[in-house]
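Sequences and hints are given; from them, build the entire structure.
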Amino acid sequence: MIQVNAIGDTCPIPVVKTKQAIQALGGAGVVQTLVDNEIAVQNLTKMAQQKGYGVTAQKLEERKFQVTMTVGENAANLHAEQETLCQPRPASGAEKTVVVIAAATMGAGDDALGKTLMKGFLYALGQQDRLPETILLYNGGAVLACEGSVSLEDLQSMEARGVEILTCGTCLNFYGLTEKLKVGGITNMYTIVEKMTQADRTIQP
Amino acid sequence: MGGPIVFCKGGGCTAKLGAGVLNHVLERLPKGPADPDLLIGFDSRDDAAVYRVSDELAIVQTLDFFPPMVDDPYTFGQIAAANALSDVYAMGGEVKTALNIVCFPETMDLNVLGEILRGGAEKVIEAGGTLVGGHSIADSDVKYGLSVTGFVNPANMYANNRGQPGDCLILTKRLGVGIICTANRVGEADKEAMEAAIASMTTLNRTAAACCKPYTVHACTDVTGFGFLGHLHEMMDGHTSCHIHASRMPVFSEALTYANAFLLTAAGQRNRNHTGPFVRFDGVPFAMEEVLFDPQTSGGLLIALPAEEAPRLLHDLCAAGLPAAAVGEIMAASGTEILVTEL
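Protein chains in written order, with this note's numbering: chain A, 1 to 205; chain B, 206 to 548.
Please note that the accuracy of each hint is not assured.
[Claimed, not checked] Quick look at which bits of chain B chain A covers, simulated, 3 or more residues with Cβ under 8 Å:
1) 440-454
2) 491-500
[Unchecked claim] With a Cα cut of at most 16 Å, we get these calculated EDC-like pairs of lysine to aspartate or glutamate:
3) B/K396 with B/D277
4) A/K17 with B/E393
5) B/K418 with B/E514
6) A/K51 with A/E179
7) B/K348 with B/E320
8) A/K46 with B/E494
These are computed hints drawn from the structure, not numbers from a lab.
Every residue, glycine too, gets a C-beta built ideally from N, C-alpha and C.
Written out as structure tokens, the structure reads:
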């Protein structure tokens, strides 16, 4: 068990410290966090519930609350180290190209062939001299940005080189993949429309 | 400028007292004899007070101040000023004068204060107003804001709670600045995201208010400390309901990402506690729920107007460079005050 002292810390620091402790667990285990206010208890509880951890809270004394989180085997596997939140941008001034991935397959006909073609496409995209500004993924395409995707490394490589990768939140939610997003950020229809309409060029394989 | 001082302990509108706590105290205050010239005051939880001087002229009075939410003092001054001035625009008025409200540690470098005040002064000038004075005290922490006086024609002013069934709801700025600033405070915000958030927070609602002039605005408020849903709840005011389409909300994508990493404020949770009971979510992802409760510093205008006028107002707002969007509709009061569906 790891104990976290977040007394005197303002949100989101109790959550940040607790997340670090959970990572340090390296698998299943228990993290116990001390905070000095009810709201921090609520924010920690929210996180635990979203992540599927067991969570209990108790008041030890005035301004001292203890939140105990139990990370089970399954939850530990799902715990994404998706805190690669800093995304350097590619140089501006060039034509703004947005790539739209609307399905897990490329072209119509045979799905197995389609999956292979899409993998090939994303690989080749990353090999180009000029990378797109943004890659949008939605509906069937959302799965490609998630754990288990054969294109994950290609997408992560492009992200590391400054490509903005955004997956539709509604779609992740629909497919139950929100916890499994492994590359880039989450977006909604408003931004998807905005990116597409402001692009100089959109490419959809 | 900007120095080694750790400025922000979670400032901006995340520093507001929770709405429930506030109501509890305010309810108990003595009221005094009713003044018929007070057009908008305590009873409606509106953005500013409005006091009639003549048939064509009313005074708009408001104030806002808070601790810093960014490291750079000049930027902080700009944001705090824009935030305070916003309430005048939310009433449909124009800014006339402003007074500085300052708390500053005696041991801190006075140049820092100079930069804060310079940021504020320039924003007041941009708003077409005049800085006429102010008051400062020594304090353990920095706080800054303005007391603002504006003018409005009582026949044309916008209350925040007179939306009508059939109205369209338009929001003129992106949501998510509270979460982005919070992520920034713990070193997890992308530099571009923070710059975009700052650009949003330093934008006056003056242009948005000007775009509204030709239209029949039924209700208007600015989205600040109580978050989008909190201010929407005030607009509903117990006599209307509404339906919000989450996928149409203008948001900062990074805010959704950081919300998913649980980089959330105490004020956001307080907003959820207070307004949550009036909201029903249907298929909305957790991160979007959080962004809808996220306290906004210097947020956009939330406008209710007849549905048939909405497309033209939206066009005008977008043509003026604002990230505006139509996000929902008002309907007659029903069991659920605020229904938020994903699509």
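Against the structure, the hints come out as follows:
Coverage of the stretch 440-454 of chain B by chain A holds. Counting CB-CB distances below 8 Å, 4 residues qualify, and the rule asks for three or more. Using a Cβ-Cβ cut-off of 8 Å, 3 residues of the stretch 491-500 of chain B lie near chain A, which meets the minimum of three, so the contact claim holds. With a C-alpha separation of about 14 Å, the suggested pair B/K396 and B/D277 falls inside the 16 Å cut-off, and the hint holds. Between A/K17 and B/E393 the CA atoms are separated by roughly 13 Å; this keeps the pair inside 16 Å, and the hint holds.
A hinted pair counts as satisfied when its Cα atoms are at most 16 Å apart, and B/K418 with B/E514 qualifies at roughly 12 Å. For the hint linking A/K51 to A/E179, the alpha-carbon distance of about 7 Å falls within 16 Å, and the restraint holds. Between B/K348 and B/E320 the CA atoms are separated by roughly 13 Å; this keeps the pair inside 16 Å, and the hint holds. Of the pairs offered as hints, the one joining A/K46 and B/E494 holds, with about 12 Å between alpha carbons and a cut-off of 16 Å not exceeded.
Hint compliance for this structure: no hint is broken.
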